[in-house]
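**Student:** Sequence:
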Amino acid sequence: MTGQHHDLSFFPEIERKPVEEIRKFQEIKLQQQLIYLKENSKFYSEHFLRSRIDITRIKSIADLVTIPTTTKEDLQQRNDEFICVPKSSIIDYITTSGTLGDPVTFAMTDKDLDRLAYNEAISFTCADGSPDDVYQLMTTIDKRFMAGLAYFLGIRKMGAGVVRVGNGIPELQWDTIRRIKPTAIITVPSFILKIIEYAEANQIDYRTSSIRKAICIGEPLRNSDFTPNTLGRKILEKWPIRLYSTYASTEMGTSFTECGEGVGGHHHPELIIAELLNDQDQPVKEGECGEVTVTTLGVEGMPLLRFKTGDICFGYSAPCKCGRTTMRLGPVIGRKNQMIKYKGTSLYPSSLFDILNDMDYITNYAVEVYTNDIGTDEILIHVGSKSPISHRETSIKDHFRAKLRVAPLIRFDSDENIHRMQYPEGTRKPLKFIDKREKTKNS
Numbered sequence: 001m002t003g004q005h006h007d008l009s010f011f012p013e014i015e016r017k018p019v020e021e022i023r024k025f026q027e028i029k030l031q032q033q034l035i036y037l038k039e040n041s042k043f044y045s046e047h048f049l050r051s052r053i054d055i056t057r058i059k060s061i062a063d064l065v066t067i068p069t070t071t072k073e074d075l076q077q078r079n080d081e082f083i084c085v086p087k088s089s090i091i092d093y094i095t096t097s098g099t100l101g102d103p104v105t106f107a108m109t110d111k112d113l114d115r116l117a118y119n120e121a122i123s124f125t126c127a128d129g130s131p132d133d134v135y136q137l138m139t140t141i142d143k144r145f146m147a148g149l150a151y152f153l154g155i156r157k158m159g160a161g162v163v164r165v166g167n168g169i170p171e172l173q174w175d176t177i178r179r180i181k182p183t184a185i186i187t188v189p190s191f192i193l194k195i196i197e198y199a200e201a202n203q204i205d206y207r208t209s210s211i212r213k214a215i216c217i218g219e220p221l222r223n224s225d226f227t228p229n230t231l232g233r234k235i236l237e238k239w240p241i242r243l244y245s246t247y248a249s250t251e252m253g254t255s256f257t258e259c260g261e262g263v264g265g266h267h268h269p270e271l272i273i274a275e276l277l278n279d280q281d282q283p284v285k286e287g288e289c290g291e292v293t294v295t296t297l298g299v300e301g302m303p304l305l306r307f308k309t310g311d312i313c314f315g316y317s318a319p320c321k322c323g324r325t326t327m328r329l330g331p332v333i334g335r336k337n338q339m340i341k342y343k344g345t346s347l348y349p350s351s352l353f354d355i356l357n358d359m360d361y362i363t364n365y366a367v368e369v370y371t372n373d374i375g376t377d378e379i380l381i382h383v384g385s386k387s388p389i390s391h392r393e394t395s396i397k398d399h400f401r402a403k404l405r406v407a408p409l410i411r412f413d414s415d416e417n418i419h420r421m422q423y424p425e426g427t428r429k430p431l432k433f434i435d436k437r438e439k440t441k442n443s
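The working numbering puts the first residue of the sequence shown at 1, with every later residue one more than the last.
Incorrect hints may appear among the rest.
Okay, derived cross-link-like pairs now, DSBU-like style, lysine-lysine, Cα gap no bigger than 30 Å in a straight line [to be verified]: (1) K59 to K29; (2) K285 to K234; (3) K181 to K157; (4) K194 to K38; (5) K87 to K157; (6) K213 to K29; (7) K59 to K111; (8) K403 to K432; (9) K194 to K234; (10) K213 to K143; (11) K234 to K213; (12) K336 to K234; (13) K397 to K343; (14) K321 to K24; (15) K72 to K29; (16) K38 to K24; (17) K397 to K194; (18) K111 to K24; (19) K432 to K343; (20) K87 to K72; (21) K285 to K321; (22) K111 to K194; (23) K238 to K403; (24) K181 to K72; (25) K432 to K143; (26) K72 to K343; (27) K24 to K87; (28) K403 to K194.
Keep in mind the hints are simulated off the structure, nothing from the lab.
Note that the coordinates shown come from a computational prediction; the quantities given were computed from them, not determined experimentally.
With the hints as extra help, turn the sequences into a complete structure.
**Tutor:** This is the structure we're talking about:
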């Protein structure tokens with residue numbers, strides 16, 4: 001299916017330009033951003049001084065490699081030094097989810113909120129959205145969460161309708177769908193399976209509902225070759241709606257969203273410079289995966305320069321059939337410091353999730369990694385089920401051996417206990433990966 005774009009005002013001209021023109025456009029924006037950082041950011045003005053960076057010599061995207069990268073640790077340890085505006089200019093305070101350490105506070109100005117709305121408007125349009133759509137928001141808009149607020153602002157800017165239901169409560173989700181008849185849902189994809197399960201248990205004919213598509217966040221739906229992964233396949237087998245993946249983070253203030261072609265999230269060059277770097281902070285070769293590293297453009301409150309996200313992805317440069325010539329990011333393969341070295345095999349949590357999602361008798365799970373007595377990584381998978389399935393342990397381990405050549409430890413537990421593990425107090429999204437390794441293992 002190719003994308004039908006209803007509102008060309010939210011299909012920026014720059015995204016259809018030749019690659020060389022996009023690069024030159026970004027280089028002008030980059031020079032403006034460097035001046036802004038030097039004048040307004042305590043962290044970056046010191047960063048340039050310490051690293052002997054003459055910003056007037058940074059003329060091209062290629063020159064960026066001369067500037068040392070910024071890390072999550074920098075943000076955590078020197079949070080306030082990144083803020084570029086007086087307190088009186090800050091409209092909204094947001095914090096990261098803290099999945100990989102202490103949460104970081106982000107300060108958003110009025111202009112930053114406008115930029116956030118614009119990002120989501122062009123992203124929803126990319127995902128075949130139009131002012132005729134009504135989006136049911138199944139994510140939280142409170143608890144200092146950027147994503148829920150961003151969706152609301154973007155839908156409003158696009159001129160579409162929004163129903164702010166929030167996360168969880170399948171009964172309320174279906175009641176809202178019945179009453180308001182939204183055309184799209186915005187949700188974590190594994191929650192789609194939960195609402196399907198609720199609908200089947202309560203004789204709700206979900207296939208004939210008003211929902212035509214889902215904007216999916218937080219979990220990959222596709223393999224690296226863009227075929228549906230286990231989670232994507234299970235949803236589509238039950239409910240053949242259109243699924244659009246998005247990749248974003250609070251630090252970026254920008255998202256990479258799929259169009260109807262489903263071949264990666266599109267880059268918005270007016271909002272962000274994206275690099276894919278290897279372990280030496282050098283750009284990877286075409287066809288190699290690398291750590292997504294971003295430089296935000298047009299951010300006032302807390303702009304970032306060469307910020308390493310920790311996410312490992314493949315990049316794709318061939319033009320898309322939708323008409324965009326911008327680069328695309330493939331599904332996140334894993335978080336760099338979540339990589340597990342287990343019995344001689346290197347793997348990411350997502351490969352474990354994919355196998356667990358494929359076993360219908362498993363209703364819930366949490367993957368725990370810790371340092372064992374001999375100082376190496378150990379994997380313990382907490383498996384939830386509605387009925388006792390301990391006799392299936394051999395079968396579960398066989399699945400892992402067949403796909404990964406190694407089998408983790410398995411512990412059976414109740415759905416309730418696993419739910420508590422996934423949602424420790426104060427968390428906003430499910431934690432399916434619990435890292436209890438000694439810190440030296442994560443560095």
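**Student:** Given the hint that K397 pairs with K194, test it: the Cα-Cα distance must not exceed 30 Å.
**Tutor:** holds, 25 Å
**Student:** Given the hint that K234 pairs with K213, test it: the Cα-Cα distance must not exceed 30 Å.
**Tutor:** holds, 15 Å
**Student:** Check whether the Cα positions of K59 and K29 lie no farther apart than 30 Å.
**Tutor:** Within the cut-off at roughly 11 Å; holds.
**Student:** Hint check: K432 vs K343, CA-CA at most 30 Å. Holds or violated?
**Tutor:** holds, 22 Å
**Student:** For a C-alpha distance cap of 30 Å, please report whether K336 and K234 respect it.
**Tutor:** Holds, because 27 Å separates the two Cα atoms, which is no more than 30 Å.
**Student:** Is K181 close enough to K157, meaning Cα to Cα at most 30 Å?
**Tutor:** holds, 21 Å
**Student:** Under the criterion that the straight-line Cα-Cα distance not exceed 30 Å, is the pair K238, K403 satisfied?
**Tutor:** Since the Cα atoms of K238 and K403 sit roughly 25 Å apart, the hinted pair holds (cutoff 30 Å).
**Student:** Are K111 and K194 close enough, with their CA atoms no more than 30 Å apart?
**Tutor:** With Cα atoms ~38 Å apart, K111 and K194 exceed 30 Å; violated.
**Student:** When you check the alpha-carbon spacing of K24 and K87, does it fall within 30 Å?
**Tutor:** violated, 34 Å
**Student:** Is K181 close enough to K72, meaning Cα to Cα at most 30 Å?
**Tutor:** violated, 41 Å
**Student:** Please verify whether K72 and K343 have alpha carbons no more than 30 Å apart.
**Tutor:** holds, 29 Å
**Student:** Can the restraint linking K403 and K432 be considered satisfied, given a maximum Cα separation of 30 Å?
**Tutor:** holds, 20 Å
Violation of the numbered hints given earlier is confined to hints 2, 4, 6, 22, 24, 27; the remaining hints are satisfied by the structure.
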